[in-house]
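Chains as they are written, first to last, in this note's numbering: chain A, 1 to 163; chain B, 1001 to 1169; chain C, 2001 to 2338; chain D, 3001 to 3395.
Read the hints as simulated data drawn from the structure, not as lab findings. Small disclaimer: the values here were computed from a predicted structure and weren't measured. Honestly, I wouldn't trust all of these hints.
The list that follows gives simulated cross-link-like pairs (lysine-lysine, DSS-like), each with its CA atoms no further than 30 Å apart [stated by the list, open to error]:
1. D/Lys3199 <-> A/Lys42
2. A/Lys149 <-> D/Lys3078
3. D/Lys3234 <-> B/Lys1010
4. D/Lys3199 <-> B/Lys1023
5. D/Lys3078 <-> A/Lys43
6. D/Lys3199 <-> B/Lys1032
7. B/Lys1010 <-> C/Lys2067
Label-pair distances were calculated between CB atoms; the ranges are [as the list claims (entries may be wrong)]:
8. C/Gly2020 <-> B/Gln1118: 22 to 28 Å
9. C/Pro2055 <-> B/Gln1118: 47 to 53 Å
10. B/Gln1118 <-> C/Ala2122: 53 to 59 Å
11. D/Glu3164 <-> B/Leu1054: 47 to 53 Å
12. D/Glu3164 <-> B/Gln1006: 16 to 22 Å
13. D/Pro3045 <-> B/Ile1024: 21 to 27 Å
14. D/Gly3347 <-> A/Ile33: 45 to 51 Å
Ideal placement from N, C-alpha and C gives every residue a C-beta, glycine not left out.
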Amino acid sequence: MTITLPEGDLQSRLERYFEGLGNRHGLEESEIINNVVLIVAKKDDVPAVLATARETLGILHLSFITIVDREGSFELTYELMDFRGATVRVKTTIEGDEPVIGTVTGVYPTANWHEREAYDMFGVAFAGHPDLRRPYMWQDHFDHHPLLKSFEISTKRTFEGLR
Amino acid sequence: MPQVGQGILKGMGVTLQHLFGQKITRQYPEYKRELPERSRGMLTVDMDRCIACLQCMRICPDHCISIEQTKRDADGSGKPKPFAVGFVIDDSRCMYCSLCVEVCPVNCIYHTEEFEAQAYNRLELARQFGELPVDPTVDPKPAVGKKKKPTGKKAPKTVEKPRTGDEAA
Amino acid sequence: MQTVLNLLEVEPIRLLISFGAVLFLVLNLAAVLTMAERKVSGYIHLRYGPNRVGPRGLLQPAADVFKLFTKENVSPGRSDLWVFLGAPIAMFIPAALVWLVVPFAPDAVVADLNVAILFFVAITSIGALGVVMAGYGSRSAFSLLGALRGAAQMISYEVPLILSLLGVVMLSGSLSLVDIVRAQGDTIWSWYFLFQLPMFLTFYISGIAEVKRVPFDLPEGESEIVGGFMIEYSGMTWALIQAAEFASMAVMSAITVTLFLGGWQPPLPFLDLGAFNWVWFGIKTALIMFTFQWIRWSVPRLRMDQLMDLGWKVLVPLTLIWLFVTAGLMLVFPSLGA
Amino acid sequence: MLGEERRAQHEGALTEPPSSRLVSPDIRDEFGLETIDMNMGPQHPAMHGLLRLILELDGETVVRCDPVMGYLHRCQEKIAENRMYPAVIPLTDRLDYFANMHNEHGYCLAVEDLLDVEIPPRAEYIRVLMCELMRLASHIPSIGFLMLELGAFTPILYAFRERERIQAIFEEVTGARMMFHYIRIGGVKADLPPGITQKIWDYIESLEAHFQRDFVDLIQGNEIFISRTRNVGKMTQEQAVEMGVTGPALRCTGVDFDIRLDYPYSAYPELQFEVVTDTAGDVEASYRVRIAECLQSIQIIKQCLEQMPEGEVMGDTGRRIRPPEGEGFGRVESPRGEYSVHVVSDGSDTPYRVHYRDPSFCNMQLLQEIVPGHYLPDIMPIMGLVDPVSGGWDK
């Protein structure tokens, strides 16, 4: 099975993505910076926005999901690439101590591990994820999420007393 | 498969060529390669030149340098200046990144060509340079000062603020 | 002195002494072969190989043996201990026994059996038993997979191995290895490997498969099942398995030389060394062993299904066809037979 | 007690019914057939680094494959949050330790994106030159690893001979053989030492002279190699794209995606090279793609040496690097695929958040997808197709 890569020049594609996403969803903010379409969406809209991007606009590649812990809220960045120079960056914010967001594994299967990693590191739960295990940390008896700002690392020398 | 075995025979020809070819092993302990000028070996400190500015200790990503600082009139000018009485480089932590060498304002810390460090005990790898020994297991001053969290305001929810640029560079 | 020599005439004593000599030879051969293997691999890899113990590393095998003797023999906690410990012995004995029928020179053979080929075939088949014992005894998933592969492979490759022998047997009209060598004559073109080229190749390939070397080292398969049936062995038991492997490799080369490359016969009549003809046997065997090693360091490993395909779909039909060709030719030209 | 409990819980988590069994459960129950559970790794002689594969075997056929990571996890992202901006660079070296230069480059691009600093053209060319040498030093051993996994021991030593010679060049230029810490925010650490141009040129010519013999003649035509790799690990373009695969593993299915051309950075827009693709999408195709990419890299290195401009090698970043608030993105084509860095700054001199998107991590998802249905020995060539690096997937 072959895939179809997007056609047309970069600027027209960027505008197509910009309009395609802006017309369908109630976005909080959207703009084009250089070759990036920056979208700020509401938390609940994210799976739908990504579904539009994948299925209607044909953006094939989910590069990564970054979570930034803003102490009290989490900022998520979904970086989508169309393989031909254009980038769509979807941002959203989750408030609260027990963050939950809908999964995008149904749209981009590659999100599977990215979401697992995010869950492991930040404790952000992805509703509907098929296999939400921790990839890195111990699978049990470890209730911490190390990349949270509240998880303090010590600068102490680790071999103290080891001799 | 019309040419069965041809590829295998070709590959065997290559190995046969190498069987009689020049060997490339270096007989290490007897033969030592000359190290290039820039090669980064174990660190050493010229304590006479050190001005105890603590730059190297701050920048070190591994916190492998610890300095015990006092004020002393070392050059007899009558003005007490910062002086490093204790200086330890913990080679069990050093990763030879040369950041300390680059920040040193008087070029008193530098890389040597030594690279064969070994000991039965990790603490033996901590090399003392000063007059007083410094305990390498004690936490040095944090490499980064208590900064983190710009005080007062909460970090912004959405980024991509217009860049002021005055702070940069 | 005379009485001692006379004792050699007495059959059981001669057998015992010569068997002792052969056993000594086999054990030393294994050590020498490990050394050769490491040197050849080193030179192919642009390395020097072992060169620290003794002059040019020649004492390395002695150091290895010393190390292995002093190592603790670890056995897995839940292993079937008797089977586990018996496996290396069950592997080593067949490899050593075959040497009994190998003719080194016209009169230098421990037992000139008139059914030597049958003896060889029967004894090599026992080797598979050792592999299965090792895999079963050590109670590990990797060992079990290795043993299953080993058993399947060795039993499957028995078939082309035996079939490829038949051409030689038909031509020489004898099952005795001494007679087969005599029948080949002392010129290089009268040896059987030319006329029986497909048989020779089949025997050579199935021989590699039988001694489990690359590209047929699936029972070992260090990159997929780590060490296969020998994964749990250590110390002297492991050394015995290694010795068995190298001894069977040596015996396979010796049999190849005996059957197809004229045994002790010189390549041309004027090169006849008389009583020293075993030198020719040694040179040829060493050459075959070198090709084993050369192949080992040049090619990757086959997969199980491809191995079986090669054995049953290529080698067996090939030998059968050539058997018919040989028989037909012998019918037309009766002078071909002995 | 704790151990027992932990094990029970752990097993409970991992023994969900596999989606595709090769023998239907009815038949299995009727004949009392069982599958074998097998742990491959983390201490497996041929495994790429510290990876554990939990396999369910039906005979020798893999029914389920579940990669378990985390044996080398250092939480580099957390460490980076506690280091100053320049002091993160030597840590990025430890990520994908077969492509250190690319890691540094990606991070520096991200911070430069924040800083808006001008990079001198000579520095850009030196970066590209070093990255392409690094690509050679990564692709050639990965071909060797593929052969090692197939059971041929020799090519890996020829491959490491090449890597050794490239490392000697690196040592002269950067001062270290593996953990370079050479590419800095704003440029590179130092200019090329005198005489190194001729050495690189000599090396590239000697490599070209025996590349065909040692890595193509020895491997490509070998019938056993072909039978072991053709149609093994076969994937469609759609599968590869869905799994987020990038790099040679994606290009061997025919998708000509290369960050160097599609999202150009550094000096790449000024250089002439091709994106190599293959259509088969199996292990053999990925081998061919890697070989061809090595040849392309050689061409790029030659162009770099010819077109190398004169001038400074370090832009003006100031003594203390303190980017304004905001986000920076850096994206490079590492030998394994797309390596992206996302740096969030809060205006202080340490990053607020650093995120690495490592190709090893993303490409490894492919294992779950394409390994089931293959034989046990095929796992290893598939690992050679994906070619992950332990430091990369574990961060």
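Please write out, lowest number first, the hints stated earlier that are contradicted by the structure.
Failing hints, ascending: 1, 7, 8, 9, 11, 12 and 14.
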